[in-house]
Amino acid sequence: MARADDRSYRNVTALFALLIILLVAGIGFELTRQSLLSIQKFGFGFWIGTTWDPVSGQFGALPFIWGTLYSSFLALLISTPVALGIAIFINEVSPSILRTPLTYLTELLAAIPSIVYGLWGIFVLIPIIRKLELMIPDSLKSFPLFTGPPLGVGMGAAALILAVMVIPFTSAVAREILKGVPINQREAAYALGATRWEAIRVALGYGKTGIIGAIMLGLGRALGETMAVTMVIGNNPQVKLSLLAPQYTMAAVIANEFTEAADELYLHALIEIGLVLFLITIIVNGLSRLLIWSMARREAARVTVATNEAAVV
Amino acid sequence: MNTRIRLLKSNIIVALCGLAVVLALIPLAMILFYVISHGFSALNWAFFTQMPKPVGEVGGGMGNAIVGTLILISIAGALAVPIGILSGIHLAEYGGTPFASTVRFTADVLNGVPSIVIGIFAYGLVVLPVHRFSALAGGVALAIMMIPIVTRTTEELLRLVPSGLKEGALALGATRTRAMFTVILPAALPGIVTGVLVALARIAGETAPLLFTAFNNRYWSTSLAQPIGSLTVQIFTYAISPYEDWHRQAWAGAFVLVMMILTLSILARLVTRRLERMNRGS
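Heads up: the sequence lines are chains Z and S, in that order.
First residue of the first sequence: 8, per the working numbering; consecutive thereafter.
First residue of the second sequence: 2, per the working numbering; consecutive thereafter.
Next up, chain S with everything else stripped away, as it sits in the complex:
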């Protein structure tokens, strides 16, 4: 083939790759633009402090839903973090066994199970036996989504800790248990905290697994045994409603949610960067 045609073809394709980046950034820019412009203008003090007004009345807020989301992700974190970290420790310490490979594979598969399916599971596990939607059920559903993320992050970060630290501890006569909990784990801790933050950010935005576990609640509730409101489900309810004022509040809710997630992921980024610098320094 003619060299000039080949070069032309190469340049066109490289340009198309650049175009692909632009194509992906357009929806990102549009979403952020609308969430910020529609959401920020709809924000007011009442949005954070009040609960929803009855249908047809203008005003009110999502105070209860914001608290609800915080409660739900706290339950999820309390359940998933210990399980995830201990599983991660096992994978990092005894990673070569067939059992470990199976766990690793299953964790990755679990990570890809649709959130709505996990919602059904939590419904059968927690809601059905007592015949009541509850904050606990929502927390369990979110925890199941969080476990594989925490497990895999913990494993990867423990592996990053220089083996000299572990060998040093073992040489001083520490058992593997002691070496892990007093030397290796503390060294990896900032990274693990990052992983937990990223996982929390991800589940904070989940809606589907809450629809029939935590359900929704238009009133203040902090009871784990009662249905509880959440930002995401509240946004969903308002977005598909016919009321103008509810649409406004849905955008405000989306703004708060996106800000929460961005803050968590930027925080995670900062921790990672500090870790990298520390590693380079040593």
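So here's chain Z without its partners, still in its complex pose:
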């Protein structure tokens, strides 16, 4: 009686757990099914075409991929050193009274909704960036990063806002990883006469795998971020290096044009962009998790070894 009871308990809860796997598989299936028209018609050309003209039925997605990858790359360039700095400061430098409030405050950055970042971006950040752009000296204007009129909206604004949004995710994981680095790693470094930074570098080296996982987790967030970017990037599909140029991202074009997609091919083209965004983020997030987990497992293994040693002693 009791056994049968427990067996159905195990099976029923397993069914709900299975639902999570089915959901992810279902997203992949549904997105593929809904983008078949576009996949069949354009094939690989979809990804290298630069013309996006729904009226004449021409769909090339390269500007959106470029916008997504370029904005995420720039965002990580800013967010990674800042997030690691925060993790190091909170974990290794800060007095213990400040630790909890600082952790809470930096995590608050993750609690603020994307739409509020966007609103702030439009009315506060963009005017500031426009002023900064007006101050760019003429000698720099011919440099590819700074060409174009100072509009405020554009790649630079998007990258900056993305960086702020990604920081809490990277720093939270990096902090956990640093916390997991055994104290004897640092003590050994100090014993050899290392300075504080040199000891921290030893800890960073020990946690390298996990830290890379933390950065990739941030990358996953940046790639899929929609609202804030849509509101500040300028929504103009073009492949440009300039930080001043209004550009477009994969998520933003879906958000803006999905309800306007009048014919089926247009809708399928948009969903194909969604499908690729889905696949990219799954790969990035999956890799990031595996890295963070492998770090955690190494930690667990070390702890068992340590307790065994203690038992022997």
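One should not assume that every hint holds.
What the hints assert, rightly or not - Straight-line Cα separation of at most 30 Å, BS3-like style, residue types lysine-lysine; simulated pairs:
| # | chain 1 | residue 1 | chain 2 | residue 2 |
| --- | --- | --- | --- | --- |
| 1 | Z | Lys247 | Z | Lys138 |
| 2 | Z | Lys186 | Z | Lys215 |
| 3 | Z | Lys215 | S | Lys54 |
| 4 | Z | Lys186 | S | Lys10 |
What the hints assert, rightly or not - DEER-style ranges, computed between Cβ atoms:
| # | chain 1 | residue 1 | chain 2 | residue 2 | range |
| --- | --- | --- | --- | --- | --- |
| 5 | S | Thr103 | Z | Val19 | 15 to 21 Å |
| 6 | S | Arg270 | Z | Ser15 | 34 to 40 Å |
| 7 | Z | Gly212 | S | Arg270 | 33 to 39 Å |
| 8 | S | Leu17 | Z | Glu114 | 19 to 25 Å |
| 9 | S | Thr98 | Z | Arg106 | 23 to 29 Å |
Since the hints were derived computationally from the structure, they do not count as laboratory data.
In this text, a Cβ means the ideal position worked out from N, Cα and C, and glycines have one as well.
Mind docking chain S on chain Z? Use the hints.
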């Protein structure tokens, strides 16, 4: 290398780490400052009780959108909480199997899927078959985002319950099912409630998955089968509009939204702290 140079380098880098904290807190302070100063002054009674006025008319409010957001997160919670808790129970009880590891991994991956992609999925699942945007579709999209969070929190909190409780129940002849539902789950419940609150706070701020599921509605609606307004989509519409009065209301909406989220997360913090104290006491 010279010791003095090495020390100098170390101090400079440590100072830069402190600077990084300040750099991250500047945007936080700025956002909170603007949301509070612009938002609070734009708030009035009409904002909570009225629906949007026609284009060009000053005044009106977001009453319908506030109710809409509450309805949407209720649907999401009703769908995601049972699924999340039962999956979490499975992961905590039978966590060692390859199946459990796969579920755990998939849940973490699902947590990172962009919300806009989940919106497309809910569109195909709920909107397309009946050719109508609906509150239900929005709720489903938000529920999908919420499930992995509730699952992982439940699993972690069930693991925190001292194993003596479970062993005691089993020793008294309870089945695993009974031990879970009458002893372990109640012990972990305050923590799980916290996790649910945090998840609700997170999805309350979502905009992208609602754009083409719940769509938007300028009128009062509580029907699950009709498009429904939400605070976030309303803020978006107003923020990108050219009207001064709508910008004012967008800030007010952001203020209400941020206050809602802060309240939920502070509540969660208090529950957690009480839990920690209880654990230390025992």
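*Range hint compliance [Cβ, Thr98 of chain S to Arg106 of chain Z, 23 to 29 Å]*: With Cβ atoms ~37 Å apart, the hint is violated.
*Given hint Lys215 of chain Z paired with Lys186 of chain Z - CA-CA distance at most 30 Å*: holds, 13 Å
_So if I understand the rule, the pair passes when the alpha-carbon distance is 30 Å or less; does Lys186 of chain Z with Lys10 of chain S pass?_
Between Lys186 of chain Z and Lys10 of chain S the Cα gap is close to 23 Å, so the pair holds against 30 Å.
*Do the beta carbons of Thr103 of chain S and Val19 of chain Z sit within 15 to 21 Å of each other?*
holds, 18 Å
*Are Leu17 of chain S and Glu114 of chain Z spaced within 19 to 25 Å by their CB atoms?*
Because 21 Å falls inside the window, the suggested range holds.
*Lys215 of chain Z and Lys54 of chain S: Cα distance at most 30 Å?*
violated, 56 Å
_33 to 39 Å was suggested as the range; check whether the CB atoms of Gly212 of chain Z and Arg270 of chain S agree with it._
holds, 34 Å
*Look at the Cβ atoms of Arg270 of chain S and Ser15 of chain Z and judge whether their distance stays inside 34 to 40 Å.*
Distance hint for Arg270 of chain S, Ser15 of chain Z holds at roughly 38 Å.
*Straight-line Cα separation of Lys247 of chain Z and Lys138 of chain Z no greater than 30 Å?*
Measuring from Cα to Cα gives roughly 21 Å; hence the hint holds.
When the structure is compared with the earlier hints, violations turn up for hints 3, 9 and for no others.
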